[in-house]
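Chains as they are written, first to last, in our numbering: chain A, 2 to 238; chain B, 2 to 510; chain C, 4 to 731; chain D, 5 to 115.
Worth flagging that the hints you see were computed from the coordinates, not collected in a lab. These figures come from a predicted structure and were not determined experimentally. Hints are not guaranteed to be accurate.
Listed below are the simulated DSSO-like cross-link pairs for lysine-lysine, each with C-alpha atoms no more than 27 Å apart in a straight line [as the list claims (entries may be wrong)]: (1) K424(C) to K384(B); (2) K384(B) to K33(C); (3) K209(C) to K454(B).
Some chain D residues flagged as far from chain C (calculated, every beta-carbon gap over 12 Å) [as the list claims (entries may be wrong)]: (4) G11; (5) Q13; (6) H14; (7) F28; (8) I31; (9) S32; (10) S36; (11) A85; (12) A93; (13) V101; (14) A107; (15) L112.
Cβ atoms here follow ideal geometry from the backbone N, Cα and C, with glycine treated the same way.
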Amino acid sequence: MLQHLSEFIQEYGSLILFAGFALLTLGAAVLVVTARRVTHACLSLLPCFIGIAGLYAVMASPVMLAFQLLIYAGGIMVLMLFAIFLLERRAGPITAANHYVFPAGLIAGLTAIAILGALQTESFRNRELRPPPLEMRDRATGEESWYDYYDPQTQTAGEQPSTNLRRTGFYFLTYYLLPFELTSVILVVAMVGAIVIVRREKGWVAAGRMPARSEERGVRSESNGTATAATEGEEEL
Amino acid sequence: MILSVLLALPVVGLVIVLFLDKERHVRQIQGVAIGASLAAFVWSIFMCMAFATEPSRGPMAMRLEYQAPWIPSLGIGYHVGVDGLSIPLIVLTTALSLLSIVYSLRITVRVKEYMAWFLLLETGMLGVFVSLDFFLFFGFWEIGLVPMYFIIGVWGGPRREYAAIKFFIYTLVGSLPMLLAILACYFSMPEPTFDMVKIMQANPMAGAGVKAALVFWAFFLGFAIKVPLWPFHTWLPDAHVEAPTAGSVILAAILLKLGTYGFVRVILPMFPEASARFADYMAILALISIIYGALCAMAQSDLKKLIAYSSVNHMGFVILGVAAVAARGGVMASITTRTTALNGATLQMVTHGIITGALFFLVGVIYDRAHTRNINEFGGLAKQMPLYAGIMMFACFASLGLPGLAGFVSEFFVLTGSFSSYTLITCLSAIGVIITAAYFLWMIQRVFLGPLKERWADLPDMDWGEIVATAPLCVAMLVIGVYPKPLIAVMNGPLTAIVDHVTRLAGLG
Amino acid sequence: MVSPFFENLAWLIPLLPLLACGVLIGWGVKLHRKIGDRVALIAVAGIAIPCVIAWGILASRVSQTFGAPHEAGTHGESARETIEGPEPFEMAVEWAPLGPLSPAVLSPVTRDLSPAFDGRLKVGLRIDNLTAAMLAMITLVAMLIQIYSIGYMHGDERYPRFFAYMSLFCFSMLLLVLAGSFLVLFAGWELVGLCSYLLIGFWFQKPSAASAAKKAFIVNRVGDFGFLIGIMIIFFHVPSLDIRAALAAAGTAAFPPHWVAIAGACLFTGAIGKSAQFPLHVWLPDAMEGPTPVSALIHAATMVAAGVYMVARISTLYVVPQVAELEVFAGLTSLEIVRYIGIITAVLAGTIGIAQNDIKRVLAYSTVSQLGFMMFALGMGMAGWVAGVFHLLTHAFFKALLFLGSGSVIHGCGGEQDMTKMGGLRKAMPTTFWTFLMGTLALTGVPLFWAGFWSKDEIMAASWAVDQPVFWLGEFAAFCTALYMGRLMFLTFAGDHPRDHSIHAHESPKVMTVPLTILAVFSVGLGWLGMPGDHNLMHHFLGSSAPQIAEHAEHAVAGGAINIAGIEFEIVPLCVSVMAAGLGWLLAAVIWGWKLVDVPRLKQAVPPIAWAHNVLKNKYFFDEIYHATFVRGTLALAAGCGLFDKYVVDGIVNLVGWATTRVFAGLARLADTWIVDGLVNLIAEAQKLAGRFAAMLQTGRVQHYIAFSALIAALIAAAIYVLGGHWI
Amino acid sequence: MVLQQLGLQHFLALSAILFSVGLFGVISRRNSIAILLGVELMLNAANINLIAFQRYLAPPAGLNLVLDGQIFALIVITLAACEAAVGLAIILNVYRVLRTTTADEVSLLKW
């Protein structure tokens, strides 16, 4: 039975794992999209990312697993949360009801069908879709390891750094140096842009480039109707 | 590689100048401009040495050649190369650009734009002499045009707009048929290419009677306007009179040579039969240019117009030399006489550039002081400005072809060379030499000799800047006049090859 | 063989004056301030050393000619044989490569077309006996004149500049004489023209001097035009332009006779311009505007002689057998052209000389006349060749003497040039008077002592043998020479006091009189060298440079064969020439010496004399004729061209410009408003409609945009699916 | 559904669904921050595809670009981060000026 089980797992283990993580991701995704409170939506992003990380693990890409969790879950989601908290601090709990649900659903459905339909076209169908056998073995030392695999088809032993992470680093700095550098540039540009957009200099208010904190309030009644009286002393938003 | 650097130097200067501020960095702009042109000049000297050391693969072959695919699908390549014919012209261009930039340090209006346009002009000119690909050739030909328009249009004399527009449109009208002709050559090649060397070897226009004639006359029009040849010369006096001194120096010394260079580089080697067929018309037009130019010069009262018409006269000799090479009727013409004519024509380009460049500098000298160019208003300047009078008379005598100075050497070779091809026309054009002597001496007599008019009693003599600008040219005139062997030795090889090429293909017995 | 020591220094001869000129132009003014007139010593040194070298060369060549084993010396030798003088000394450097240097360079097809010329145009010196003689003469005369001009030009503010130009002139004249190739000859030729321009126009403040200089240069240039065409013809046949090669090839297949004749005629036109022969003689009298030493050196001794020297040098072209019969111009062979131009000039100038009052003008016309004589002598082919050259040498000395004498007279009379105002200078300026007298006697050909007699007599003898009528014209010219020279002597020196009392004549300083005396000695002594007789030294020496007839050519030569022993001594020409000279002197004495004839009264009495005198005084109105025809004609033509260019050619261009702006623009505007515009408006309206619909999409809401794009993407995917994905 | 080997089709299908869920969210959400969340989902769907391709498709012969999917995915992640940052900055500023975060009201760019 154990033998049978291990064969079964051997055979379909990855499929089961895939199904589990898929379900997790999709469920969280639906939640993100439909949650009333935006904070809930943001928080439900976490299980979604974890699911996706799992999928990366199934696809034998430990680096992605790590980065996914690190950046998305740790970075971006937290950033979103901060933003939401900032806003909620000023405007109270933000709810985001859905509108145009029907047209949105229709369009989303249509795109899904279009993509899935595209998958059926013969350019994808005859693709040899079975995963090439992986030998989970540490390249340098050659013995079994859980974190490193060695794909005999494409890599030859020795000439490149052994582990996936090391190889990613190696690739980043050799064959993909230009994209790597460009992304760093974009990153810097984005950060600077973000700061420039939200900064508030002395004298701008006087110069009329920005509405003083007091006027900001009265332009549009906030969705939840309560305009909290913001006193002068508050720190900058 | 060397040639690409040569082209790049003025551009680098140009870019630096563009970055400098208009008001604050005037001195730096001038410094950069001089630096760039000096670097270009020094580099052209280095190029000559490299040219000398590189073993030549046969007389017709280009040296310092650099070929790189540019737009391969259209057969356009960045093909630059140099041979005996273009080396002297390149050195002349860089030298004169340097001198004119040194001379135009006294320009105060819009210095930045002036220097920028000048460096761009220098690039355009160098580009034409260096390029061996029609696409490149035409590109630099047009690049050379625009800065001149602005230099005349902005810093010129009273009627500058008219002169600038006339110059620009006239030359543009000329270059349009040339473009069509280039395309005709492009398509008539077995596998379409713009490469001039391939076109020259393949001689695409061999059989095509009417088409060859049309292409020949299209190129002829384009270059004749630039030379300028007789009916197309009316833009030259206006352009010269209105251009600032340095502008008219470059215009006279180099831009005219683009036309004549075109004749020797494009028309002769690439269309031997057509040029042989129409050589007689070229000779007649050249004769008219010579005599007509000299007579008009005699009738002028404006100093610059006089020298402009003298340029028409001298360039007529060049075209006579070119026509003599391709003359079919020459009963006695042999390879030696035809090559002598062509040697004379090419040397005339260089010497005319030097002499007329010096003459225009000198006219600039007197114009800056007296603010008039009317010959009749002057009188007896030799007493007041002895050094200036000395150099001016030296240049005038060089221009009218006094032996021992550069003017004589080239005119002598053109006349003796083309005598056997066109006996009567050469004799008539020798009369041009007399008329040239007449109007130059008459001008000298009215301006320098005779009693000093009290109005000019306080004219200062030449200052340091002007001497630096003209002295090297005078030395060059003397050296070429006394011992032209090194210069002609450089030119003789490729020119013999061209004459051989033309005689062989055009079947001139 | 004497070691060619001096000949190796030959290249120094032209170089030193050039060096002196360079120094004087560069630092002349500064030196003048520092060491005053001694700055002229640079120029004098610059000509003295070449003088020594030249005389050295002359000595070595003389010794070679006469010292050589006397194989040809036996008396009574047949006239045919030419004297083999010492080999000419040659030195050449490559000047410019022309054409294919070796046939290998050419493609096989054109290889056979290229002539034998190896493409190296050489430029160099060549010395033979004729050159040696000329060199000696030029350097000596130039040196004496430069010494003389130290005194004459004293006090002139552009003193160093004068000597710079004089040295430049010496350089170019020596270059011309030493020339081995036509190129150098032409270069020297034009440079000499330049120096005469600079020196005539030395006092350029004077407008007359400036225009005289210009006139001189342009007239020379007209002559050079012919010279250039001659060179062109020669260049084709003998591309190396080497004189000896050209002369050797003359008449052979390389240089066919008819081309030789034409080349000869063209080169002679150059000589006409330079030596002021008949049609182009107008510039020489005006050249007197320059300082007197200039007139002496350039317009008497050397430059004008260059034309004669050149004709002498290339006279082979005239006497080559086949060419001698070929009519070239108006039925005359090139040799006859030279002869008749020569004699016409001699007679013409001689007659004009009589009516001139300016002392320098008289001498100028006398020079033109004597040059006519020389050309006339050369024009007689072999017979007159040596005589012509001999007369050239003697004339240089005594004419220089006369000019310098007139210079010291003018200097003495404070710049006065009009003879009628002078008089009785005999007592005031004794040395000038005596040297002047020597020169005049030599010029007029008074027998026995003076050089002029021997050289002119030889020309007359040669012409007597060759061409009788021309002989009598020659004698008439000699008579005129004697007449005007006598008039000059009596007007200036005779009488006891100057007619114009304001003149206080005083003797010129020693630095001027010493050269006069040396020249006087030469103008006497040189004649003896040429005395006829079997050992005629001059004939013997110059014979070797005479035109070498190609050996195989037989001797049906106009004017008889060359006569080595000099012309047989004929009594008739001798008497006639002596009588002519005597008659001239007698008439001069009668009219101006003893004043037996009152000229004004004579003129009323015999109107033709008055008319003739007026014509002569105005120089046959040549100047006026030339001015009216050529000068004003060219100016009118030039003005015509100028206007034509301005209004017609430029007019067409502007017309085209105007047409495009006015006419076509108008048409374009019409077409534009109706057709094109209409169409455009139509499209505009349709555009607006579409625009309004499109605006609907522009809701400003981000979500709408994403929705639309996703929708479109889905639709495209559907389209691909439906159309079966192959068309992507 | 008969059990079959875990192939590329599965991942692509999953990412398609995830993408459309994200798209739905972006279109239907009223709050602009929620829109950003939707965008995040769509980006993640793209990432899944990338890694799937890298894992299943053999890299082109000769080129040893075997990890390009992963590299690309990492780059997408960084971009997502930047996009989120800038998006939030814009939203905050919009809020500061217009005092609202709902996407509908922000329609100043109307034609």
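Cβ separation check - G11(D) to all of chain C, threshold 12 Å: holds, 20 Å
Straight-line alpha-carbon gap K209(C) to K454(B), limit 27 Å: With a Cα-Cα distance of about 13 Å, the restraint between K209(C) and K454(B) holds, given a limit of 27 Å.
Given as non-interface: H14(D), which should sit over 12 Å from chain C by C-beta: About 20 Å separates H14(D) from the closest Cβ of chain C, which puts it past 12 Å; holds.
Given as non-interface: L112(D), which should sit over 12 Å from chain C by C-beta: violated, 6 Å
For A85(D), which was marked as not at the interface, is the minimum beta-carbon distance to chain C over 12 Å? Consistent with the label, A85(D) stays out of reach of chain C, its closest Cβ about 20 Å off (over 12 Å).
Is the hinted pair K424(C) and K384(B) satisfied, with a Cα-Cα distance of at most 27 Å? violated, 33 Å
Status of the stated non-contact between A93(D) and chain C (beta carbon gap over 12 Å): Nearest chain C Cβ is 15 Å from A93(D), so the label holds.
Should the label of F28(D) as a non-interface residue stand, given a Cβ cut-off of 12 Å to chain C? Label violated. Min Cβ-Cβ 10 Å, cutoff 12 Å.
Please work out if K384(B) and K33(C) have their alpha carbons no farther apart than 27 Å. holds, 17 Å
For V101(D), is the shortest CB-to-CB distance to chain C above 12 Å, so the non-interface label stands? holds, 15 Å
May I ask you to check that Q13(D) keeps its beta-carbon over 12 Å from the closest beta-carbon of chain C? The claim holds: Q13(D) sits with its nearest Cβ about 17 Å from chain C, beyond 12 Å.
Holds or violated: is the Cβ of S36(D) farther than 12 Å from all Cβ atoms of chain C? Contrary to the label, S36(D) does not stay out of reach of chain C, its closest Cβ about 8 Å off (not over 12 Å).
In summary, the numbered hints that this structure violates are 1, 7, 8, 9, 10, 14 and 15.
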